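For this one, chain A is given, so just place chain B on it according to the hints.
The listed protein sequences derive, respectively, from chains A and B. Mapping to the working numbering: the first sequence position 463 is 463, numbers consecutive. Mapping to the working numbering: the second sequence position 176 is 1176, numbers consecutive.
The hints are simulated quantities; they were obtained by calculation from the structure and are not laboratory data. Just so you know, these numbers come straight off a predicted model, no measurement behind them. All clues given are correct.
With a cut-off of at most 30 Å between alpha-carbon atoms, the simulated DSS-like pairs for lysine-lysine come out as follows:
#1 B/K1218 x A/K171
#2 A/K38 x B/K1316
#3 A/K172 x B/K1171
#4 A/K69 x B/K1364
#5 A/K42 x B/K1119
#6 B/K1255 x B/K1316
#7 B/K1171 x A/K220
#8 A/K316 x A/K171
#9 B/K1038 x A/K365
#10 B/K1119 x A/K17
#11 A/K119 x B/K1439
#12 B/K1252 x B/K1312
#13 A/K17 x B/K1069
#14 B/K1119 x A/K439
#15 A/K467 x B/K1054
#16 A/K54 x B/K1017
#17 B/K1119 x A/K69
#18 A/K364 x A/K312
#19 B/K1171 x A/K165
Quick list of simulated restraints, FRET-style, between CB atoms:
#20 B/E1434 x A/K38: 55 to 61 Å
#21 B/D1036 x A/R53: 47 to 53 Å
#22 A/G226 x B/K1042: 54 to 60 Å
#23 B/S1258 x A/K38: 37 to 43 Å
#24 B/G1130 x A/K282: 55 to 61 Å
#25 B/T1388 x A/E169: 48 to 54 Å
#26 B/R1412 x A/G56: 49 to 55 Å
#27 B/N1051 x A/E225: 50 to 56 Å
#28 A/W422 x B/S1161: 33 to 39 Å
#29 B/V1335 x A/D45: 20 to 26 Å
#30 A/K282 x B/E1049: 20 to 26 Å
Note that beta-carbon positions come from the ideal geometry of N, C-alpha and C, so glycine has one too.
Here is what each chain is made of, one letter per residue.
Number of protein chains: 2
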Amino acid sequence: MAENQNFLNKAFHLLEKSMAAKNYDRENALVVDYRDPKDMAKEIDFDLEGNGRKYGDDELLQDFEKTIKLSVNSGHPHFFNQMFTGHDPYAVAAGCLLECRNTSLYTYEMAPVFTLAEKSVINYLASLTGFGESYNGIFVPGGSMGNFFGLNLARNLRFPSVKEKGMTEVKKMAIFASEQCHYSIGKGAAFLGYGIDAVKRIRCEESGRMSVEALREKVKETIEEGIVPLMVVAVSGTTVMGAFDDLEGIAKVCKEFSMYMHVDGCWGGPALLSEKRRHLLKGIEHADSFVWDAHKMFGATQQCAVFVTKHKDLLKQAHGQAASYLFQPDRYYDVAYDSGDMSIQCGRKADAFKAWFILKARGKKQVDLMIDHAFGIAEYFADLIRDTEGFKLVHEPQCTNVCFWYIPPCLRGNGERDDKWWQRLGKVAPKIKEKMMRKGSMMIGYQPLGHRVNFFRIVIPHLNSTKEDMEFVRDEINRLGKDIIV
Amino acid sequence: MAENQNFLNKAFHLLEKSMAAKNYDRENALVVDYRDPKDMAKEIDFDLEGNGRKYGDDELLQDFEKTIKLSVNSGHPHFFNQMFTGHDPYAVAAGCLLECRNTSLYTYEMAPVFTLAEKSVINYLASLTGFGESYNGIFVPGGSMGNFFGLNLARNLRFPSVKEKGMTEVKKMAIFASEQCHYSIGKGAAFLGYGIDAVKRIRCEESGRMSVEALREKVKETIEEGIVPLMVVAVSGTTVMGAFDDLEGIAKVCKEFSMYMHVDGCWGGPALLSEKRRHLLKGIEHADSFVWDAHKMFGATQQCAVFVTKHKDLLKQAHGQAASYLFQPDRYYDVAYDSGDMSIQCGRKADAFKAWFILKARGKKQVDLMIDHAFGIAEYFADLIRDTEGFKLVHEPQCTNVCFWYIPPCLRGNGERDDKWWQRLGKVAPKIKEKMMRKGSMMIGYQPLGHRVNFFRIVIPHLNSTKEDMEFVRDEINRLGKDIIV
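Bound-form chain A, shown alone (with noise of 0.2 Å):
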């Protein structure tokens, strides 16, 4: 490895270099660099088929120097684009770390520190939803698997046999979830073999939060229609409007038929860790399993998810295994630390370690503090634009998500709003989107969502977002629309 240590020394050089305050300067810096896939193709030599040389150092460095420079600027205080950003500083060296000491997290013995730290996450979130003294969890990629988790685990906990048998052996069984639930419900049904069908979509109130009435109802007429009501799965801070499904409710109608109820908190979860916004979960204890994202309202790097349960031994129970290659009992120390046969993965990052270090650098304090904060810009962002003329809210934001219209000039008046109208509405983001990228001076996302056209999502998960940026962005959004003809 030696030879390559001139090279690694240069890049993480390189990348302290793409870490500094100036890099994620307001003033100064591009939130993007933007190119069209035919310009990137001219920066960097994509091709490896061609005669496959090896390229020096000195190439590589280059490329890795513009790679910094062409990727988004993730940390940047005006990209509000996806659901992460921020990344904590501490969390981009633990991340870091797991790169250097390359390891896998299903043995102790491979992962001493990180088994440790994983199992006192997942102790910590327990205690925060109340799970009791009875509980498991595990770190996922990604918050879809930890929905998939929950898909699996309720059905192997109302139907032990489908692990063996399958699902064409058990009753046709249906999942309960609102219109507005994240897409990987769906995906998670297409591929546990319930199909999408199963998925039992519930009405929204306006807020797009599920509606516990039409819930009832909806499982009321799956039993009739002969299909096992098997589970709930809640949304705590939904992925477009941020709305909390409200858990007591729906709890009650889980307990009334005796579904397990899942809660995707992949988004709002991080509310649990502030004493102001907690209530937004209240009712998560009732809850058979929960996954957050620690990646998203959390600042930890990509990726970050973890899945809890109140069933302790469901998980191994579901997903378990036992390959003997992997996990010999005859070991010198307690298996019981081996975590690997709880997961559907063999190979798993350790990506418990980045949170685990954040919950340390930042304190309990801090980071009720840090979540207190995101939600109260976003509420500031709201109070901003709620009276300001080209700007039309889509809803009270309830999460950290702020949706809106912006209506340029040449729509604005008082004439009539009709179907021709809102389509001309539809057009303005996209062409905004574009200005915005094209410009690199922010970043935010747009989409339709139901019966309305287009809008715009802002979302705070950052630690440093001011005021000043929210002014930033009302101003930046006119500067780039005012123009605009639809």
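Positioned in the frame of chain A, the structure of chain B alone reads:
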């Protein structure tokens, strides 16, 4: 972020130090500085539930340094415990860049460089497998997940309605795999709703290779039972013995019975990169899909696994959900670049960048030499111990795994090798393993397999393994084991 700059610089410095050549020095560096769980908890304060105080940077840097020290030194030349090691410095650098640039590989917008790098690796792999002009692929969080993808694509190709309708409305299906296939096939069958019983285990020849004749017989039996023969999972490089299934023979059976053919090349797949070893995967061009782990015999850090299929649209057909908040069709670039909807994940690490960077850094020729070198070293080790007193090969090496028993003096001699003798032999490996761990001089795994009692498995995925390393292994096992009484 500025306030944490100082911490980050110091952390990078520690990581740079951890990668220094002296830490991988054969004479002076430990492979592992083992602590039992209780002792480990004395070194590092794992608890998060107590007062939850904020730790200072100095304390955190101490934790950081201890984590480096007390984690397994998996890059050490005497680490042979898992199928990964060596961690190519180019991959480490690329992996750290991914942490610093923190993004998710689902849209070109969010990961322009990584999107093009991924496509490039997929193109290269497809050319190696001879998949022709029509193919597609995606990086997945581990080889197990790649096998799951194969299991899901097979049924979606045969019964496209399974995505919507689920497994209760299709016929019962069978998955054929060798009795020595990886345990992820069973995990996947359970997780995807086939049920473990759907996996029909095919008898292996003594070498660990699936008997094609037994496969054909089993398929016929299954059809007689009224079950649909869906697919065969062939293995290129089994986990324990390193056997390569006869892909051409299996392909014929697949064709005969219209079955999907998935090849699990997680371990042995890189043989494709070596002119001399490529013949081991003869027939790979007949496969419908293929997975290999670049984090195994290729030096990438965890995780870096890639799935390739010959069916261009099948990944999207099977996994796609077209979530409008993420995959806006009205984008400012060609959305065919957006890879996310081919995955079952939402957020996805850009692991592809590591594989791409290694391929550029090493070049075709050097990669070929490295792979061939690892095979050669395994053969050297087998030669070395074949005639050494106290060592007994379980089998002739086929890949870079060498499986062997160590027979301590107390079990040598001309006495009968009856069941009791074998039982005693089975206790040797765990005892030596514990001594090895507590001494920290090397790491090798062991396991039983079928009727065979515990034996050692050394795996050579190492870039830099030498003949002297092999001699060290032999001598060290002798040193650790010669006085053992079982």
